[in-house]
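Protein chains: 2
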Amino acid sequence: MENNIHLPKTNFGKLQEYLREFVYGGIDGAVTTFAVVAGGFGANLNPGILIILGLANLLADGFSMSVGAYLSAKSEGDNFGKHEKIEYWEIENLPEMEREEIATIYRKKGFKGELLENIVNHICSDKDLWVAEMMKDELGMMRDSKSPFKIGLATLISFVLVGFIPLMVYLYDFFFPTDLNIFLWTSILTGLAFMIVGWLKGIVNQTSKLRSVSETLGLGLLAAVVAFYVGDLLESFFM
Amino acid sequence: MENNIHLPKTNFGKLQEYLREFVYGGIDGAVTTFAVVAGGFGANLNPGILIILGLANLLADGFSMSVGAYLSAKSEGDNFGKHEKIEYWEIENLPEMEREEIATIYRKKGFKGELLENIVNHICSDKDLWVAEMMKDELGMMRDSKSPFKIGLATLISFVLVGFIPLMVYLYDFFFPTDLNIFLWTSILTGLAFMIVGWLKGIVNQTSKLRSVSETLGLGLLAAVVAFYVGDLLESFFM
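Chains U and W supply the protein sequences, listed in that same order.
Just so we're on the same page, the numbering used here is the position in the first sequence counted from 1, plus 24.
Just so we're on the same page, the numbering used here is the position in the second sequence counted from 1, plus 24.
To be clear, the hints were calculated from the coordinates, so they are not data collected in a lab.
Owing to the predicted nature of the structure, the values given are computational and were not obtained by experimental measurement.
It is possible that some hints are incorrect.
Note that the list lumps identical chains together, so a pair holds whenever it fits in one copy or between two copies.
Pairs of lysine-lysine residues, derived as DSS-like cross-links and limited to a Cα-Cα distance of at most 27 Å, are as follows [to be verified]:
| id | residue 1 | residue 2 |
| --- | --- | --- |
| 1 | Lys132 | Lys109 |
| 2 | Lys233 | Lys106 |
| 3 | Lys151 | Lys109 |
| 4 | Lys109 | Lys98 |
| 5 | Lys233 | Lys132 |
| 6 | Lys170 | Lys132 |
| 7 | Lys109 | Lys233 |
| 8 | Lys98 | Lys233 |
| 9 | Lys109 | Lys174 |
| 10 | Lys170 | Lys133 |
| 11 | Lys151 | Lys233 |
| 12 | Lys233 | Lys133 |
| 13 | Lys174 | Lys132 |
| 14 | Lys233 | Lys136 |
| 15 | Lys106 | Lys174 |
I would like the entire structure built from these sequences, with the hints used as guidance.
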């Protein structure tokens, strides 16, 4: 599900390859726990309940999202392999048909006559090239070089790390009671996290940093406002 | 972020195009609310609390996920457009360099001599073709024909619809109290939902239906078990 754009060089080194997973996993994690906290705050629930359900959701969603990301990347790779096998079988067993498909691809690019004939001859003289052309131009499939396991791991780590941020102030206050407005401080801290992740998202998507930061902050705010009002509205009804 | 595999024809008609969003949105939605329910059940929380936080999470996560999916698809389209513009600028202003890049692409496919020369001449005589070749072969970028708005909408609808399933029995029992084991019935209903979505996921990913159904059911179960035990463990500590 990734596009294969070559990212601009930055100083994230090898980590950069999985920055996309880190960014999207982190946003999902923070939205999930912040929604529990904001919904519970809206419904005037006991902070202990928010900590329990926040942590339960953080770990449950984190595991299932990252296993899901692993499985999805794996099935995409399997699918590429399956179609590649089919293409090898077809050029072995239906060479005329597959030759005509290569001709069609290049005819669409405007090649014709002897030049078209020579191109098709060359491609069909090398089975690996022949299959590679079919995969890309007939099926529109490109191989993703990323490891499904590392995709899952990057998702898990960022989901749990960033998703833990909306729970930190609640946990701190539980163990060391303070006079702070814990929901306010949670919102500030979570807002900062959304801004940092949004800035990284700008790098991943090669878009304007300002736009990316404000979009991500807006998303988090939207989730919190919706959760707060749903909690507030339903409190009198279901409690 | 989608691959462009042509899906096998089924009778889902135009909806089929957005089946991938429906599947992944649905799984995310059901995992999120089922985690709230299972965590709350593990911690022996009042069903009213589970309904409030389940609905708050369902709507908050549903909105932010679908807006996030819309933005991500949009920025990918924008990014494609930006790079396309750069390529048009480059063939206009640095034609020799860009011509050499086309030659390099075809040299890698084993073409040489006069044939290579003729191919490069043909491609560089048509600016749209020239840019299209650079986009695909140099940058590895393919245009996604799906509408970002419909991607967001499909995600929202499936997230909310499928995510509502783990809350249905709790809501029913709240308004019409029964003697049923509501957590058991919720688990059965949610399990069925995971199986149906898993079957659809098999269509989307072109993998074995049995494997896809069991993977998706396993993911949901993993989330529920983790949430239940976290809730159970933390209850005595935070309440």
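Here's how the hints hold up against the structure:
1. Lys132 x Lys109: Answer is both; intra-copy 25 Å and inter-copy 23 Å each pass.
2. Lys233 x Lys106: between (39 Å within a copy, 15 Å between copies)
3. Lys151 x Lys109: within (12 Å within a copy, 35 Å between copies)
4. Lys109 x Lys98: The answer is within: 17 Å in one copy meets 27 Å, while 34 Å across copies does not.
5. Lys233 x Lys132: Neither: 39 Å inside a copy, 36 Å across copies.
6. Lys170 x Lys132: Between copies, since 23 Å is at most 27 Å while 32 Å is not.
7. Lys109 x Lys233: between (42 Å within a copy, 20 Å between copies)
8. Lys98 x Lys233: Result: close only across copies, 15 Å inter versus 31 Å intra.
9. Lys109 x Lys174: Answer is within: at 25 Å inside a copy they meet the 27 Å cutoff, but 33 Å across does not.
10. Lys170 x Lys133: between (31 Å within a copy, 24 Å between copies)
11. Lys151 x Lys233: neither (45 Å within a copy, 32 Å between copies)
12. Lys233 x Lys133: neither (37 Å within a copy, 38 Å between copies)
13. Lys174 x Lys132: Intra 39 Å, inter 30 Å, cutoff 27 Å: neither.
14. Lys233 x Lys136: Neither: 46 Å inside a chain and 44 Å across chains, both beyond 27 Å.
15. Lys106 x Lys174: Intra 22 Å, inter 29 Å, cutoff 27 Å: intra-copy only.
Consistency note: the structure conflicts with the earlier hints numbered 5, 11, 12, 13, 14.
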